[in-house]
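Novice: Grab the two chains, each in its own frame, and use the hints to assemble them into the complex.
As they're listed, the protein sequences go chains A and B.
In terms of the numbering used here, the first sequence has 219 at position 219, counting the first letter as 1, and numbering is strictly consecutive.
In terms of the numbering used here, the second sequence has 188 at position 188, counting the first letter as 1, and numbering is strictly consecutive.
It cannot be assumed that every hint is accurate.
[Claimed, not checked] Some chain A residues near chain B, calculated using beta-carbon distances under 8 Å: (1) Ala3; (2) Ile6; (3) Arg20; (4) Ser23; (5) Ser25; (6) Asp143; (7) Arg209; (8) Val211; (9) Gly212; (10) Ser214.
Since the hints were made in silico from the structure, they are not lab data.
The beta-carbon is built from N, C-alpha and C at its ideal position, and this holds for glycine as well.
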Amino acid sequence: MKAIRIFSRSVRDSFKSVFRNFSLSLASISCITITLIVVAIAIILSQNVNNFASLVEGDVTIVAFLKRDVTDSQTDAIKDKIDKMPYIESVVYKSKMELSREMMDSSDVFSSVMQNWDEKSTPIQATFQVKVKDINEIKYVADEISKLDGVDIVKYGEGMVEQLVSLFDMVRKVSIGMVIALVIVTAFLITNTIKITIFSRKREIEIMRLVGSSNINIKVPFILEGLFLGLMGSIVPIILTVFGYNKLYEKFDGQLFSPFIKLIVPEPFVYNISFVLVGIGILVGMFGSYTAVKKHLKI
Amino acid sequence: MDLIRIRGARKTYKNGVTAIQDLDLDIKKGEFVFVIGSTGCGKSTLIKMLYREEKPTSGKIIVGGINVGKLRNSKVYKLRRKIGVVFQDFKLLPKLTVYENVAFALEIFGLPKREIHEKVVKVLDLVGLKNKAKQYPTHLSGGEQQRVAIARAIVNGPKLLICDEPTGNLDEVTSMEIMKVLDEINKLGTTIIMVTHDTEIVNKMKKRVILLDTGRVLRDYKEGEYVHESN
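So that you can see chain B by itself, here it is in the shape it has in the complex (with noise of 0.2 Å):
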């Protein structure tokens, strides 16, 4: 079953910039995708417009059954609740611990503290940081901060995990922990879309890319195909 599912998407900007031109493509539940591309290929656009931070100027994208390009703005939480986004800057509040920045995402559902305690303990801990969860994030590593973000990204058990260069402003080796982590979180259900610029992190983890150009899927290349050959 597609979980997401574009057609004919384009979209250009009030600059008169088209970032993405006659995009069709398809994503199965419980796959692992890159987008990969030069700089300007429309890589962030496009995954912008799934977690409907831009509409598509035509076209149509459906996102868990959720028809993106008419969702209202007053509406748009709805779709954030069966996502989740991992940014490159991290983005965690200074102020809140680790625990109070992953229980965010929960206590907008108004669950009983009891049932959020259980679930941030279980996602700090699949992320392997169970004895951090008082530290303030600026006490961690830049590796230990995605993990944070990631957890709080999938502690609502999201359909869909939406990458946007976590491993961006990381070490190699930090990069490869990131990539474990999402490669577990994948492994028990999650759909994972991940935008990057790093070739050495695909060829390694052998998932599905898709390649974009100038606004255009290029090639999609099946789980194993893609090879970087670097000059």
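Okay, chain A solo, but in the shape it has when bound (with noise of 0.2 Å):
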């Protein structure tokens, strides 16, 4: 009973001190709120590059060209080798007249140029479309698939491939570093305006010690105050990257530029966000007033 009693007065303390030193709460919650949203502008840029690296590289296909004496039967043996591989996503037959009637489809100069092409004398090879689940390990199963009988060439876009990926490793690596660096700053940020703040409290700290407080007891409302103060930083960020990336996704409806680059579905994308949002500002304010507390309480 007692210990409840403790603690419902730390909480009640701790939500009149956030109002009581009205200014300094103030400055604390416009650091979080301010460094919150870089954050969140931080995220929502990385994990849309992670996103478009992720469909570009989904996108990529090895087609295999086969030869073009292949019977049906050596057709469906080089696709089950093919299902059989690792790291396979996905595996499409097309056959000699299907590719010949999708070119035929897509362009009228083709069109003309191929009607009297008939399963005989059409110079079109029948393809195997494999999709790869990790696009590290397409040239290993670029490589497998050409042994194959059969199979006369194996393309994917080499050399391009490869480049993309690293670049895109790249990307994603320098994003990760920035958002891990920026929450550092974040940390760093906070952590020292609650601790001015707490400075200016001294007396208050010293008249607790006086009266009898124990040490966790002057600590909690103050960790609570900071708790506070994070979550009251985090409101504004939030609004923003709710409606922000609402709006933003709907006035470029989905993508950016060119129907290329897709823009992240706003849900749940901007709720995990501002999950993180919280998080951040509460773990911090939190660590930030106990570790400016802890500073006073040492005779």
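Specialist: Have a look at this one:
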């Protein structure tokens, strides 16, 4: 009962204290707000870049051209073998005539040139279009397919794909690194602001000690206050993230500049970011208060 | 029974200054003791050690059964709950009302609201500030602020009240009012140790007086023995 009363008083005091020291609280809250907005922007950017990279990587396809004289049973055997290979996401067979039809549908020029070609006379080769689960393994899979009987040549955009993969890999690492660095800077900034505000309340801590508050009883209200500050500081960044990103998504119709660069669908993306923001705000707020108070509790 | 027992206490600060040396002192329960001496004689250090703001470098200081020198930082609150401390600069929280400033010292014990209310009202009555409970310290006179500080120090019924120049910022008349309040508290059974420069007060109160000099007890005057003669 006693402990509950002490804790509920701590909650009450920390809440009151936010308003009593309003100008200082406002300084901490604005610091948290501003830094969390920057963090939110960094997360949105890096996640979208990652998303774009994943989409592009997912689009990369291995095309295996089959020899012209391959029979249906040989084709089935090749499909079986490809299916059993590791890292295979999907295998689609396109017959000579299917490909011809697709090409003819796509352009009038093709249509007029190709209309007289039949199964025998067409120079077009039947293909397997293979997608892999892990783009880093595309070369291995392509090599394995090229070894199969009945396969003529294998193409997957050699050279360019490798470059793309290493570029995206770098972009990913840089963007994650930036987000982490920003979170650390945020933590540092918020911690210091809270430290300054608590320094001005040294007297309060001194008096608490004097009248016999145990260290833990002194710390708890300050830590809870840090929690409230973090919570309040994350309100504006969350509102901006949820409404801002939704507006942006609507304005650009879900894509940036071209249909090729797709934005991440707002839901549940913005809510996930909101959770991260509120988490950073609360944790850093509590941590900042804790370290600041601890400093004043040593004699 | 001794409330305070000091044996061979010594305090040397990090900068090499020895503020207290070879100090022996016993103070019984219910006594009213003045600690006097010139600036730098170790008065402040002595009482700081009593409420464990400072630790003795060597020797033994026992306050209410607690060995202050061996008290860990995290356990200081156990000692502080047994004593009250009053300072020259009051140390009140300006953003809390008089009532809240006093209640502050009880809330840490997790007492029910009703009990806190009863105790605060009673102690404010004792120091004569019952009708100023809702005011803020900045709206009070120096003497009134000091009475709030005293109320806060005694509200949880400590055995010992330590006063560090409580009248240092107050005029003569107000000082005597404060002394009356302290005397009353002492009569209710609380032991009081008061550091002061004000020999006028010491003369009038006729209590036990400990004269410190260069960190040692120069003389220990029994009740009524000490008379300061101004030149």
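Novice: A separate judgement is required for each hint: does it hold in the structure or not?
Specialist: For each hint, the structure was consulted:
Evaluation of the Ala3(A) hint against chain B yields a held restraint, the C-beta minimum of about 7 Å falling below 8 Å. Interface hint at Ile6(A): satisfied, since its Cβ lies 4 Å from the closest Cβ of chain B, which is below the 8 Å cut-off. Here the hint on Arg20(A) is kept, as its CB sits about 5 Å from the closest CB of chain B, short of 8 Å. The closest approach between the C-beta of Ser23(A) and any C-beta of chain B is roughly 12 Å, which is over the 8 Å cut-off, so the hint fails.
Taking 8 Å as the C-beta cut-off, the interface hint given for Ser25(A) is violated, the closest approach to chain B being about 13 Å. The beta carbon of Asp143(A) comes no nearer than 67 Å to any beta carbon in chain B, farther than 8 Å, and the hint placing it at the interface is violated. The beta carbon of Arg209(A) comes within 7 Å of a beta carbon in chain B, closer than 8 Å, and the hint placing it at the interface holds. The beta carbon of Val211(A) comes within 4 Å of a beta carbon in chain B, closer than 8 Å, and the hint placing it at the interface holds.
Look at Gly212(A): its Cβ gets to within about 4 Å of chain B, closer than 8 Å, so that hint holds up. Below 8 Å, beta-carbon pairs count as interface contacts, and Ser214(A) has one with chain B at about 4 Å; its hint therefore holds.
In summary, the structure is inconsistent with hints 4, 5, 6 from the numbered list given earlier, while agreeing with the others.
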